[in-house]
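**Q** Here are the chains, one letter per residue:
2 protein chains.
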Amino acid sequence: MTDRVILREVGLRDGLQLIKSRLNTAIKLSWIRAQAEVGFTEIEVTSFVPISVLPQFADATAVLVDAQKIGNLLPSVLVPNLRGAVMAMDAGARKITFVLSVSDAHNRANVRKSTDDSLAMLRDVLAERDNRQNIKIATALATSFGCSIEGAVPEARVIQIAEILASQGVDEINLADTVGYGDPVQVGRIFKDVRKAVGELPLAAHFHDTRGLGLANVMAALDAGVRRFDSALGGLGGCPFAPGASGNIATEDTVHLFDRLGIDSGVDLGALLKVRHQLAEWLPGEKLEGRLLGAGPADR
Amino acid sequence: MTDRVILREVGLRDGLQLIKSRLNTAIKLSWIRAQAEVGFTEIEVTSFVPISVLPQFADATAVLVDAQKIGNLLPSVLVPNLRGAVMAMDAGARKITFVLSVSDAHNRANVRKSTDDSLAMLRDVLAERDNRQNIKIATALATSFGCSIEGAVPEARVIQIAEILASQGVDEINLADTVGYGDPVQVGRIFKDVRKAVGELPLAAHFHDTRGLGLANVMAALDAGVRRFDSALGGLGGCPFAPGASGNIATEDTVHLFDRLGIDSGVDLGALLKVRHQLAEWLPGEKLEGRLLGAGPADR
Numbered sequence: 027m028t029d030r031v032i033l034r035e036v037g038l039r040d041g042l043q044l045i046k047s048r049l050n051t052a053i054k055l056s057w058i059r060a061q062a063e064v065g066f067t068e069i070e071v072t073s074f075v076p077i078s079v080l081p082q083f084a085d086a087t088a089v090l091v092d093a094q095k096i097g098n099l100l101p102s103v104l105v106p107n108l109r110g111a112v113m114a115m116d117a118g119a120r121k122i123t124f125v126l127s128v129s130d131a132h133n134r135a136n137v138r139k140s141t142d143d144s145l146a147m148l149r150d151v152l153a154e155r156d157n158r159q160n161i162k163i164a165t166a167l168a169t170s171f172g173c174s175i176e177g178a179v180p181e182a183r184v185i186q187i188a189e190i191l192a193s194q195g196v197d198e199i200n201l202a203d204t205v206g207y208g209d210p211v212q213v214g215r216i217f218k219d220v221r222k223a224v225g226e227l228p229l230a231a232h233f234h235d236t237r238g239l240g241l242a243n244v245m246a247a248l249d250a251g252v253r254r255f256d257s258a259l260g261g262l263g264g265c266p267f268a269p270g271a272s273g274n275i276a277t278e279d280t281v282h283l284f285d286r287l288g289i290d291s292g293v294d295l296g297a298l299l300k301v302r303h304q305l306a307e308w309l310p311g312e313k314l315e316g317r318l319l320g321a322g323p324a325d326r
Numbered sequence: 027m028t029d030r031v032i033l034r035e036v037g038l039r040d041g042l043q044l045i046k047s048r049l050n051t052a053i054k055l056s057w058i059r060a061q062a063e064v065g066f067t068e069i070e071v072t073s074f075v076p077i078s079v080l081p082q083f084a085d086a087t088a089v090l091v092d093a094q095k096i097g098n099l100l101p102s103v104l105v106p107n108l109r110g111a112v113m114a115m116d117a118g119a120r121k122i123t124f125v126l127s128v129s130d131a132h133n134r135a136n137v138r139k140s141t142d143d144s145l146a147m148l149r150d151v152l153a154e155r156d157n158r159q160n161i162k163i164a165t166a167l168a169t170s171f172g173c174s175i176e177g178a179v180p181e182a183r184v185i186q187i188a189e190i191l192a193s194q195g196v197d198e199i200n201l202a203d204t205v206g207y208g209d210p211v212q213v214g215r216i217f218k219d220v221r222k223a224v225g226e227l228p229l230a231a232h233f234h235d236t237r238g239l240g241l242a243n244v245m246a247a248l249d250a251g252v253r254r255f256d257s258a259l260g261g262l263g264g265c266p267f268a269p270g271a272s273g274n275i276a277t278e279d280t281v282h283l284f285d286r287l288g289i290d291s292g293v294d295l296g297a298l299l300k301v302r303h304q305l306a307e308w309l310p311g312e313k314l315e316g317r318l319l320g321a322g323p324a325d326r
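For the record, the sequence lines run as chains A and B.
For the first sequence, the residue numbers in my numbering are 27 to 326.
For the second sequence, the residue numbers in my numbering are 27 to 326.
Hints may contain errors.
Pairs involving identical chains hold if they fit within one copy or between any two copies, as the list cannot separate such chains.
[To be verified] Taking lysine-lysine pairs in the DSS-like style, the calculated list, with each CA pair at most 27 angstroms apart, reads:
| # | residue 1 | residue 2 |
| --- | --- | --- |
| 1 | Lys313 | Lys46 |
| 2 | Lys46 | Lys218 |
| 3 | Lys121 | Lys222 |
| 4 | Lys139 | Lys300 |
| 5 | Lys218 | Lys95 |
| 6 | Lys139 | Lys95 |
| 7 | Lys313 | Lys300 |
| 8 | Lys313 | Lys162 |
| 9 | Lys222 | Lys46 |
| 10 | Lys313 | Lys139 |
| 11 | Lys300 | Lys46 |
| 12 | Lys95 | Lys313 |
| 13 | Lys313 | Lys218 |
| 14 | Lys218 | Lys300 |
| 15 | Lys95 | Lys300 |
| 16 | Lys222 | Lys95 |
| 17 | Lys222 | Lys162 |
Hints were generated in silico from the structure; no laboratory data involved.
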């Protein structure tokens with residue numbers, strides 16, 4: 027099928043959105059360093075969003091600046107708008123994920139503007155990228171597989187937006203199942219259609235396990251040729267502005283799946299499970315998901 | 027892919043093995059009736075095992091006799107040996123699942139004999155079937171995808187035993203991932219190989235979600251042509267004689283998956299979720315699994 031994937035940890039961004047606990051900057055950096063040490067080469071370390079909206083990311087600049095100093099790690103950050111993108115660039119970001127939603131209703135709930143307005147703003151972000159050096163702009167396309175506000179999302183609209191993103195010159199497109207509506211057949215079909223529409227542009231998949239289909243959707247995306255995946259340690263995650271949202275696929279379960287398939291994610295699963303134990307200590311009282319910590323890897 | 031599957035509820039058998047709670051006969055029958063009413067045409071209602079080993083099935087005959095009276099339902103039962111099979115036949119069983127393991131170590135732990143001795147005993151069970159009328163003998167092949175005692179299980183041995191079962195004249199082969207070691211690529215490969223080995227014999231899949239791969243394995247089995255699946259309401263289940271065993275795939279999550287794929291399982295998901303609420307009342311204090319009850323079906 028393939029011999030190599032890039033698994034990006036998003037627990038420090040997506041994972042910290044819905045929970046009540048607040049991690050201080052030092053713990054965030056300990057977490058980032060720990061995951062870099064067990065083999066992660068890409069970690070979404072923070073979000074450059076208004077502090078009034080998500081105060082847990084008030085230390086975004088400090089986190090990013092120190093994360094950039096970690097060897098063999100590409101720290102990426104999420105931004106909802108031009109202002110966040112410029113702040114991230116000023117802080118030295120080398121990879122920035124600009125988020126917009128296929129569903130207009132979710133885009134308005136999440137970033138307070140229409141999807142078309144986000145697409146227009148993205149042009150300014152890309153122009154800013156072109157004025158600087160060595161910055162990649164990825165785009166996260168939220169609600170690509172359904173929306174808990176609008177319901178079904180037309181697949182033709184997903185393809186259309188992907189084509190616009192490609193023509194605007196983004197460096198990566200990440201299709202996100204924000205609310206866990208995706209099923210494996212749909213996921214395979216949409217990734218194949220987007221691949222046809224955008225040529226060789228890197229594609230990534232971001233799944234939430236809200237209805238238990240996260241890893242089945244990973245398999246479908248793998249089959250469709252996707253080689254970049256997001257996951258969150260302990261199955262943390264969820265968009266605060268999407269009704270019914272819950273956690274991402276658990277990083278530890280995802281690494282275990284790749285191990286079973288003989289696919290190299292670069293991650294040492296045994297060492298990762300130690301970080302997973304630490305995470306539970308850093309977030310006392312928070313409900314963590316993921317099946318592997320209790321079960322252990324299959325022994326064979 | 028397909029338009030129809032048979033989903034067999036095994037919560038009343040597999041599901042009651044590991045938990046401490048005991049359900050009385052009347053509640054068991056309420057549960058069976060409730061699931062028949064929401065569309066299940068096959069339910070594994072009990073296990074004819076020695077009462078000294080699993081006292082929760084001391085009422086096996088009573089449960090089976092009353093379950094047989096429910097319209098449009100085929101109640102099946104599990105048996106570990108000839109004695110159990112004869113008891114089940116005497117109680118009027120129309121479908122009996124004889125369990126044996128690919129792994130010799132698990133077979134000894136589970137039914138106190140070697141796999142070859144189980145295969146020899148199965149011949150007597152089949153002879154007894156042939157002496158009577160309208161009885162189907164299915165075989166559950168435990169540890170088909172790995173064993174937590176022996177580790178890896180040779181795939182050639184799975185195929186070999188399936189061939190023996192087919193030649194002996196069983197009516198169905200159910201490949202069981204007793205300890206959740208299976209991965210989707212392996213599951214697809216083994217089901218395809220077994221299909222080639224046994225011709226048109228009905229095949230079924232029985233997955234535990236111990237490492238989060240249960241529904242991904244369902245997809246792989248569907249792709250390989252399997253049309254019969256086991257699941258347990260609330261993700262109950264687990265073999266008491268397999269170290270580290272945990273629950274089956276949750277029936278409600280599995281029905282939701284089939285619904286999303288447009289595959290008819292005959293089950294009314296909304297009505298099933300009401301039974302799922304009842305189950306929590308019948309089993310206070312027991313940890314139930316499954317993602318769908320909290321999340322609700324995707325709304326589109």
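**Q** Does each hint hold? Answer for all of them.
**A** For each hint, the structure was consulted:
In this assembly of identical chains, the alpha carbons of Lys313 and Lys46 lie at most 27 angstroms apart whether taken from the same copy (11 angstroms) or from different copies (24 angstroms). Taking identical chains as interchangeable, the C-alpha atoms of Lys46 and Lys218 are never at most 27 angstroms apart, the minima being 38 angstroms within one chain and 47 angstroms between chains. In this homomeric assembly, Lys121 and Lys222 come within 27 angstroms of each other (Cα to Cα) only inside a single copy, at 25 angstroms, whereas the closest approach across copies is 49 angstroms. When the C-alpha separation of Lys139 and Lys300 is checked against a cutoff of 27 angstroms, the pair qualifies neither within a copy, at 41 angstroms, nor between copies, at 39 angstroms.
Within a single copy, Lys218 and Lys95 get their C-alpha atoms no closer than 37 angstroms, and across copies no closer than 50 angstroms, so neither meets the 27 angstroms cut-off. In this assembly of identical chains, Lys139 and Lys95 lie within 27 angstroms of each other by CA distance neither inside one copy nor across copies; the values are 35 angstroms within and 60 angstroms between. In this homomeric assembly, Lys313 and Lys300 come within 27 angstroms of each other (Cα to Cα) both inside a single copy, at 17 angstroms, and across copies, at 25 angstroms. Taking identical chains as interchangeable, the C-alpha atoms of Lys313 and Lys162 are never at most 27 angstroms apart, the minima being 34 angstroms within one chain and 45 angstroms between chains.
Taking the shortest Cα distances, Lys222 and Lys46 never come within 27 angstroms of each other, neither inside one copy (41 angstroms) nor across copies (53 angstroms). Taking the shortest Cα distances, Lys313 and Lys139 never come within 27 angstroms of each other, neither inside one copy (32 angstroms) nor across copies (42 angstroms). For the identical chains of this complex, Lys300 and Lys46 are intra-copy neighbours only, at 23 angstroms inside a copy versus 31 angstroms across copies, given an alpha-carbon limit of 27 angstroms. In the homo-oligomer, the alpha carbons of Lys95 and Lys313 never lie at most 27 angstroms apart, since the shortest distance is 31 angstroms inside one protomer and 44 angstroms across protomers.
In this assembly of identical chains, the alpha carbons of Lys313 and Lys218 never lie at most 27 angstroms apart, being 35 angstroms within a copy and 39 angstroms across copies at closest. For the homomeric pair Lys218 and Lys300, neither the shortest alpha-carbon distance inside one copy (36 angstroms) nor that between copies (37 angstroms) is at most 27 angstroms. In this homomeric assembly, Lys95 and Lys300 come within 27 angstroms of each other (Cα to Cα) only inside a single copy, at 23 angstroms, whereas the closest approach across copies is 53 angstroms. In this homomeric assembly, Lys222 and Lys95 never come within 27 angstroms of each other (Cα to Cα): the closest approach is 37 angstroms inside a single copy and 56 angstroms across copies.
In this assembly of identical chains, Lys222 and Lys162 lie within 27 angstroms of each other by CA distance solely inside one copy; the values are 22 angstroms within and 49 angstroms between copies.
Hints 2, 4, 5, 6, 8, 9, 10, 12, 13, 14 and 16 from the list above are not met by this structure, while the remaining hints are.
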